[in-house]
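Visitor: Model the full assembly from the supplied sequences, consistent with the hints where possible.
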Amino acid sequence: MTCHGLKMYTKVLLRSLDRFVRVYKGSESVFVVSFLRQKCDIDVTRSSREFCTEKNINNAAGKLAHNQKPDWNKAVSEAEEIVGYSTSVLRWLLSDDIANVALHLRKLVGSNHPLLDTVKSLLYNGRSNMQAWGLIVLLISKAAGQLNVEEMEEDEEAGVLHSQRALAEVTQMIRTYHLVHKSMVNIYPGMYPEASILNNMIFGNKIALLSGDYILANVSGILANMRNHEILDLIGRSLRDLAEGEFIGRRDQQNNPLPSPQGVRDAAQDWTHRNVLSAGNLLGRACQGTLKLAGHGRELQEQGYNFGKHLILAWQACVDLEPFIPGSQYVAGSLFNLTSAPVLFHLQHDPSLFNEIDKGLDSIQNVDFEKIHSIVSKGPGIFLTKQLQKNHSQKVMEVLQVFQESDARTAIRNIIMAMSHY
Numbered sequence: 001m002t003c004h005g006l007k008m009y010t011k012v013l014l015r016s017l018d019r020f021v022r023v024y025k026g027s028e029s030v031f032v033v034s035f036l037r038q039k040c041d042i043d044v045t046r047s048s049r050e051f052c053t054e055k056n057i058n059n060a061a062g063k064l065a066h067n068q069k070p071d072w073n074k075a076v077s078e079a080e081e082i083v084g085y086s087t088s089v090l091r092w093l094l095s096d097d098i099a100n101v102a103l104h105l106r107k108l109v110g111s112n113h114p115l116l117d118t119v120k121s122l123l124y125n126g127r128s129n130m131q132a133w134g135l136i137v138l139l140i141s142k143a144a145g146q147l148n149v150e151e152m153e154e155d156e157e158a159g160v161l162h163s164q165r166a167l168a169e170v171t172q173m174i175r176t177y178h179l180v181h182k183s184m185v186n187i188y189p190g191m192y193p194e195a196s197i198l199n200n201m202i203f204g205n206k207i208a209l210l211s212g213d214y215i216l217a218n219v220s221g222i223l224a225n226m227r228n229h230e231i232l233d234l235i236g237r238s239l240r241d242l243a244e245g246e247f248i249g250r251r252d253q254q255n256n257p258l259p260s261p262q263g264v265r266d267a268a269q270d271w272t273h274r275n276v277l278s279a280g281n282l283l284g285r286a287c288q289g290t291l292k293l294a295g296h297g298r299e300l301q302e303q304g305y306n307f308g309k310h311l312i313l314a315w316q317a318c319v320d321l322e323p324f325i326p327g328s329q330y331v332a333g334s335l336f337n338l339t340s341a342p343v344l345f346h347l348q349h350d351p352s353l354f355n356e357i358d359k360g361l362d363s364i365q366n367v368d369f370e371k372i373h374s375i376v377s378k379g380p381g382i383f384l385t386k387q388l389q390k391n392h393s394q395k396v397m398e399v400l401q402v403f404q405e406s407d408a409r410t411a412i413r414n415i416i417m418a419m420s421h422y
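Taking the numbering used here, the leading residue of the sequence shown gets 1, the next gets one more, and so forth.
The set of hints was computed from the structure by calculation and includes no laboratory data.
Each hint can be trusted.
List of simulated lysine-lysine pairs, BS3-like, C-alpha gap at most 30 Å: (1) 120 <-> 371; (2) 371 <-> 182; (3) 359 <-> 182; (4) 107 <-> 182; (5) 206 <-> 182.
Guide: Shown next, in the form of structure tokens:
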């Protein structure tokens with residue numbers, strides 16, 4: 001099959017995953033668009049330089065100023081317009097090298113392999129998926145500006161350095177590789193008696209492993225080309241923390257996390273530790289690194305780290321609340337994170353809930369999630385999680401005050417408001 005045929009086949013596959021995606025490949029980059037034209041009246045079938053004109057930036061700033069309670073998709077779309085760049089993983093997913101991998105995903109349709117859900121979540125850039133990590137890095141880069149940098153290093157129209165843009169790509173790709181690798185199934189003897197199902201699961205694991213490794217290899221190449229050992233050290237420590245975060249506390253046989261009686265003695269501390277390792281340090285150090293690339297001092301770099309860390313914690317609290325909020329898309333009896341903030345806070349208040357949770361030591365499928373959902377919904381965990389989310393959002397807002405008022409700062413504020421709005 002020709003390269004063109006592979007890409008067309010990939011597009012068909014992506015549409016089959018219930019997400020409308022429009023792809024345009026120009027001479028400079030690939031733009032993956034999700035209702036951007038409808039929401040912002042922007043013609044995205046242009047190069048990144050045309051996309052980031054002064055007119056577009058001013059229009060975006062005006063729209064943000066009048067949008068006090070934006071929805072998530074609109075806030076992200078307008079922020080992308082401001083930096084003139086989309087950091088969605090799908091922007092490079094349809095490259096020649098990886099298009100063949102997408103073809104193999106077709107064989108997994110109907111197999112219930114977790115990789116399919118992971119791919120679908122990467123396509124759906126909703127509030128609960130937070131696929132805008134690279135975008136956040138670019139926004140904080142533009143909000144802070146640059147000091148004493150060479151003129152050739154800066155993309156003047158976008159307002160960020162080329163190295164900052166590369167770091168944003170790295171951040172987004174690491175997040176993606178981590179999610180892809182986590183979708184692997186731990187297959188043990190006797191788990192799948194039927195040979196066809198077993199073969200599908202093994203094949204899915206191979207695709208997940210190789211795809212994640214491919215993304216990580218690209219990350220290594222980008223970091224090597226940056227030739228900055230301090231940035232390499234920051235990202236290297238973030239990768240270490242991602243791995244360490246997968247071994248905290250109790251786990252079932254598929255490595256799904258379970259709360260422990262020791263951890264819920266201080267539910268807030270346990271929850272924070274888990275999420276700083278699994279996500280907060282990555283975005284925090286990326287924001288720290290982008291300010292270092294711009295020539296800012298150590299104090300502002302530390303502020304950048306705190307900004308990224310608290311933003312992730314605020315977002316995670318928002319995600320944890322989602323199943324318990326009236327009007328959410330949660331389906332009664334479906335699975336949710338048993339180490340989410342509402343559950344941990346409730347366990348601190350009422351440890352008797354462990355009687356049900358401990359049924360999931362072999363597999364969380366054995367837990368009565370409808371029962372746990374009903375009990376937690378009536379307890380103090382919901383209120384405490386809302387307070388937790390509010391506290392971390394406030395800390396993000398405090399860091400933002402360090403920067404001068406700008407369209408980038410307004411975009412970040414709108415994203416936080418969209419994340420907090422129920």
